[in-house]
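Peer 1: In order, the protein sequence lines correspond to chains A and B. When the count follows our numbering, it moves up by one through the first sequence with no breaks and lands on 837 for the last residue. When the count follows our numbering, it moves up by one through the second sequence with no breaks and lands on 837 for the last residue.
Don't read these hints as lab results, they were simulated from the structure. A portion of the hints provided could be inaccurate.
Remember, identical chains collapse to one label, so a pair may be satisfied in a single copy or spanning two.
[What the hints assert, rightly or not] No farther apart than 25 angstroms at their CA atoms in a straight line, the calculated lysine to any residue pairs in the SDA-like style are these:
{"hint": "1", "residue 1": "LYS752", "residue 2": "GLN729"}
{"hint": "2", "residue 1": "LYS272", "residue 2": "THR219"}
{"hint": "3", "residue 1": "LYS411", "residue 2": "MET516"}
{"hint": "4", "residue 1": "LYS310", "residue 2": "GLU523"}
{"hint": "5", "residue 1": "LYS515", "residue 2": "SER413"}
{"hint": "6", "residue 1": "LYS752", "residue 2": "GLY731"}
{"hint": "7", "residue 1": "LYS826", "residue 2": "SER233"}
{"hint": "8", "residue 1": "LYS753", "residue 2": "GLU793"}
{"hint": "9", "residue 1": "LYS748", "residue 2": "ILE727"}
{"hint": "10", "residue 1": "LYS461", "residue 2": "ARG592"}
{"hint": "11", "residue 1": "LYS826", "residue 2": "TRP275"}
{"hint": "12", "residue 1": "LYS411", "residue 2": "ILE727"}
{"hint": "13", "residue 1": "LYS823", "residue 2": "ASP189"}
{"hint": "14", "residue 1": "LYS603", "residue 2": "ASN653"}
{"hint": "15", "residue 1": "LYS232", "residue 2": "LEU267"}
{"hint": "16", "residue 1": "LYS753", "residue 2": "GLY731"}
{"hint": "17", "residue 1": "LYS249", "residue 2": "ILE809"}
{"hint": "18", "residue 1": "LYS256", "residue 2": "ARG503"}
{"hint": "19", "residue 1": "LYS624", "residue 2": "ILE744"}
Being a predicted model, the structure only gives us computed values, none of them experimental.
There are 2 protein chains.
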Amino acid sequence: MDFNIDLTNARKAVSFPVEELTHFINGGPEKTVRRRWLRSLVDPKSDPIFSNIDRPFLSRDKYYIRVVKKLKKMLQLKKLYSLQKDDWIYLTTATMEMCISIPHDLFFIPTMERQMSEEQSSKWLPLAKDYSIIGWQYLTSIILETTATYIHETDEFEIHSPTLTSIKWWPGALARTSTHGVVFARLIIDKKEYGIHSFIVQLRFLKFTRVRIPRENMMMRFSKVSRSGHYSTPPHKKIIYDTLVANRTGLIDMSALFLSKVLTIAIRYSLVRKQGDNYKDLNNENLILDYQYQQYRLFSSIALVYVVFFNGMFTRKLYENNLKNIEKMDVSLMAEVHAISAGLKALCTDLVTEAIEDARQSCGACLNIGHGYSHLSGIPIILEFYAQYTSAEGENTIMHLQTGRYLLKSFLTAKKGFPIGGQLRHLSSYSKILMEKCTAETLEDLLDAETQLRAFCHMYLRLLSNLDNSIEISVATHPHGYDGSKADHMIDIIHLSRAYCYYTTLTNSHEGLQSVKKERPTIYPIIRTLIDLYFINTVINQSGDFLIDGYYTPHHISLLKEGQKKLLNIIRPEAIGLVDAWEFSDNDLNSALGRGDGNVYRALYEWVKMEPTNISERQGNIVGYEEGLKDIYTGKYLKEIGIDTVRPKL
Amino acid sequence: MDFNIDLTNARKAVSFPVEELTHFINGGPEKTVRRRWLRSLVDPKSDPIFSNIDRPFLSRDKYYIRVVKKLKKMLQLKKLYSLQKDDWIYLTTATMEMCISIPHDLFFIPTMERQMSEEQSSKWLPLAKDYSIIGWQYLTSIILETTATYIHETDEFEIHSPTLTSIKWWPGALARTSTHGVVFARLIIDKKEYGIHSFIVQLRFLKFTRVRIPRENMMMRFSKVSRSGHYSTPPHKKIIYDTLVANRTGLIDMSALFLSKVLTIAIRYSLVRKQGDNYKDLNNENLILDYQYQQYRLFSSIALVYVVFFNGMFTRKLYENNLKNIEKMDVSLMAEVHAISAGLKALCTDLVTEAIEDARQSCGACLNIGHGYSHLSGIPIILEFYAQYTSAEGENTIMHLQTGRYLLKSFLTAKKGFPIGGQLRHLSSYSKILMEKCTAETLEDLLDAETQLRAFCHMYLRLLSNLDNSIEISVATHPHGYDGSKADHMIDIIHLSRAYCYYTTLTNSHEGLQSVKKERPTIYPIIRTLIDLYFINTVINQSGDFLIDGYYTPHHISLLKEGQKKLLNIIRPEAIGLVDAWEFSDNDLNSALGRGDGNVYRALYEWVKMEPTNISERQGNIVGYEEGLKDIYTGKYLKEIGIDTVRPKL
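For reference, chain A alone in the conformation it holds in the complex (with noise of 0.2 angstroms):
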């Protein structure tokens, strides 16, 4: 078939190579060419089970039937090419067949890695890794009001959860694959209570009804609990939480993944797509892209790929800097690495998955409802998946209190004078920074890097500031005091801790911008354009932050705002060689509007012949004809119930 010829030019008006982003997103030539080749052994050409034709008309059951199948095969060829962690990860993502096996590779197996003994390792991870086990991370509830009581008769601790609402609901496959769990419980030892401590445990379902475990099923790395019941005290008590950070960092990364997907389909939608402005002019015809609007939602959502491409690598470094320190029983760095993990889990997912519904409107553009909302355009899929994210690894909402109160805390310290080092050590100079205004003239000056970021930090620390100073304030008089007061402002923490992400997201993406201006300068120029963007539209979204203490002027919102519609008119050639650098394939999209060649409507035309209704009804089989349609169409419902009615010829 051939290439649609819109999409062909589109991609000849590309300025940059292509390639070099793709080097850049996998992390060099040679991981690309590793990360091609992973790709073509799960090709359908490889084997036919791998094809997701017929994904979107398959039911609940024949649809897991499908996953385990091709879950098998993977093995396979993982154990047949030794495929280690990356690359197996990179596997089961490239065939969007994640639901089994990103709990049990990206969640289960860090943490038995990180928290189990050594001895406990040599055992058990190899079944792991075989998936001769498989698991997933049971948190149960906040309350974590299940408890593991040690039995020294038997060995054993005893799981408990006494009421139904400790249950851990986890609907979807997890439930119906999974035969061991990592479970967060309280450990009770001699009636004494030792704060939470993670176990393995077999399970099927996940009421604990006095379940009993060996006490090596207590993952002892670094608290211990000897044969004769003896506790041994951990160098942090929250050291085994390390393994939500390392979640938030593998969710991080997916985000990027997940949207840049997405993206890809409704960029060569729109480059595919026609349609006029309005009715009189029936010949003025436009590709959807060519609208403004439709830049602004798209290449926005362009713009945040790359931002949380950057921030899963900043991350991850975070967490293995912290990994090194808790080697050597340093737990320095930890409370920052989870406050600030948690933000960033929080504002990448809530803005991915409001940019993930965006771009599924946006393929609806039109009179008609578009393709945006059928499954043939393969986003509703994507989005389904994702959208569990927002609460799964530490719901948003607490994610962001824990981030604010961090925040607070740590501005007590520096109010103070003490010393605060990391991340935040900004907040030494927060008297200074709240008293600068903004001096750029030009949109030029006000895009410089070190100028944007001024103009972030000082938005925070002024929120930071002012809410710092209310709740003093209430705390004077509130009759449960400083908490008390923290409670009052919930929604000015939660608001807070958005506007500190905004600033490090942006932080962090220059910082990753300066290693791609030193190693790949071609790719340079469109990405830093991009984290313009996000500048731009995030002072713009929360203008009211930079105005309300005179920081930015009227003026400098007006320029921007124009700035906002130059950098659009720069992105627009290159558009599509920034969703075609992730090299997704067809397959892997299953999208009918997002195929490489651009033949939209014909894959539309022939995937609807498939479905299975279409084929049925061609067939003369219609579903529900007979089960009520005839009778409704033919007027016999009424008279079943006694009423003659002669129904006119049409």
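Following the hints, position chain B against chain A.
Peer 2: What follows is chain B alone, placed relative to chain A:
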């Protein structure tokens, strides 16, 4: 089963008479009685076919068959009790089985009523009302490549879609059920084009390859084509589009209904579920509705329910006034009705979609994934159905462009000193309004109704005047003149439309409140508080637009932020009453979280046991086990590729 004690206590704390609110929602006590009776007709106790309890577990086909069976039964009830339009529509929305009936009753039938001549109506309407034919309104693409060419010889029109791009893709139930459609197509007589007209076409599939229909199938109330092919001009060439306005009105009403269902679930759950704020004090559990942020999310959405409700009333009145005029061939109100209903449709569907999604997330507010994601909460199914409406009935971007352009056009008229009537008559004093600054000193001052509206009017007028200026400046040098300049300001036009819609939704709410104050004074205070909350939220979320010209000062914003928290405290005890008043049955909500008696966990537990997969698992049939899981667990998948492994015992 006993009622949950917290929920019961919450109900006792409501200070206004909930039944008065019910009467307000229904339109009077007689209507309340009527609707309770209508709901009893579709209660499972009347006929088990109406039970929704297994709905989350049905496959797509089985669900469709269930809908058809329910529809058949409901049509029998319709005939038995001679239910007229309003009752019938209420009945279908009460059963949530609207995928067939809503397009047919809310869109197809009204289109025929509005646009068919008396003779045509008398033939077609009885067939439609009996569901002897089932229809939809097909717009195909905005370019309307579909043509209707008059064939003199046979007195027919030939409907033709020349290319694949003009096929209207209709995913979902409609394609299976519809026997006929209203098709909008370009009328061509003797090679001359007469613009877009509507035709009724029998159809199975939507690619029209030279389909012939009788001439009488063209809807001829306004435009006519005679046997000799003579065309009579209608009084206004866009007169057939008034059906679009009727659609938007229905949609706005439906939006309030859907959101109130979701909030009934979320509020009840938030009054049952407890959660502690931190790990330290495991006894410090509060109802999640006692957390400020949960209040903020959910009460803001309750406020939106009533704002949307008032705006449904407003749009209906606007539509009906226009209708009366059209009957007298007076089309003076048409342009305004179209422009304003377009923006209102867009703003309401955008805000309600966000609110439903936010309520879903709010039910996941704990470290486990929460229940909001699961189909057993009842929310995903509502979101799935509703999510199409940001694209259907007019894609929201297009809608805002229509409103925005109308505002610009009217502004030009006002600038020239010509009189402006109707909804935009305030434009006559635009320069005076633009010179104002807010003189309020206290929160009470700011919340005065007139003061609220003056602020919103000023805010949108500032945007309008700035945009007009900006466009004028760029026209001077733009290669494509005024149209080109507008295209370069699409982002601003859409932002302007949203701003105007915030103003008009607030205006219409205060207007509606005046009637409430007179007729049902006991519920006035709480509804007024909700509208005030909508006002405050909008200012805070768009604070940049109020600060940009100094209309509001930072102090005003500060007062409003405090006010926001105060209003949340006022609403807290009333929240359950505000949702209970809608009187949704447990079967209708079909939600374990939103049960009237609050027994959430027991319901979830029982429901999960009911799930076919769980049942078959308990019977030993695990989906996917034979097909692949067994091979994975036991390591047989390795043997199949020639790798022998010894699996260690656990």
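Peer 1: So, for every hint listed, does it hold in this structure?
Peer 2: Okay, the hints, checked on the actual structure:
no. : hint            : in the structure
1   : LYS752 x GLN729 : both (18 angstroms within a copy, 20 angstroms between copies)
2   : LYS272 x THR219 : within (17 angstroms within a copy, 62 angstroms between copies)
3   : LYS411 x MET516 : within (15 angstroms within a copy, 87 angstroms between copies)
4   : LYS310 x GLU523 : neither (33 angstroms within a copy, 74 angstroms between copies)
5   : LYS515 x SER413 : within (23 angstroms within a copy, 92 angstroms between copies)
6   : LYS752 x GLY731 : both (20 angstroms within a copy, 19 angstroms between copies)
7   : LYS826 x SER233 : between (58 angstroms within a copy, 20 angstroms between copies)
8   : LYS753 x GLU793 : neither (40 angstroms within a copy, 58 angstroms between copies)
9   : LYS748 x ILE727 : both (7 angstroms within a copy, 20 angstroms between copies)
10  : LYS461 x ARG592 : between (50 angstroms within a copy, 22 angstroms between copies)
11  : LYS826 x TRP275 : between (63 angstroms within a copy, 20 angstroms between copies)
12  : LYS411 x ILE727 : neither (53 angstroms within a copy, 51 angstroms between copies)
13  : LYS823 x ASP189 : neither (51 angstroms within a copy, 44 angstroms between copies)
14  : LYS603 x ASN653 : within (17 angstroms within a copy, 46 angstroms between copies)
15  : LYS232 x LEU267 : within (18 angstroms within a copy, 60 angstroms between copies)
16  : LYS753 x GLY731 : both (23 angstroms within a copy, 22 angstroms between copies)
17  : LYS249 x ILE809 : both (21 angstroms within a copy, 13 angstroms between copies)
18  : LYS256 x ARG503 : neither (32 angstroms within a copy, 54 angstroms between copies)
19  : LYS624 x ILE744 : both (14 angstroms within a copy, 20 angstroms between copies)
The structure fails hints 4, 8, 12, 13, 18 (numbered hints given earlier, in ascending order).
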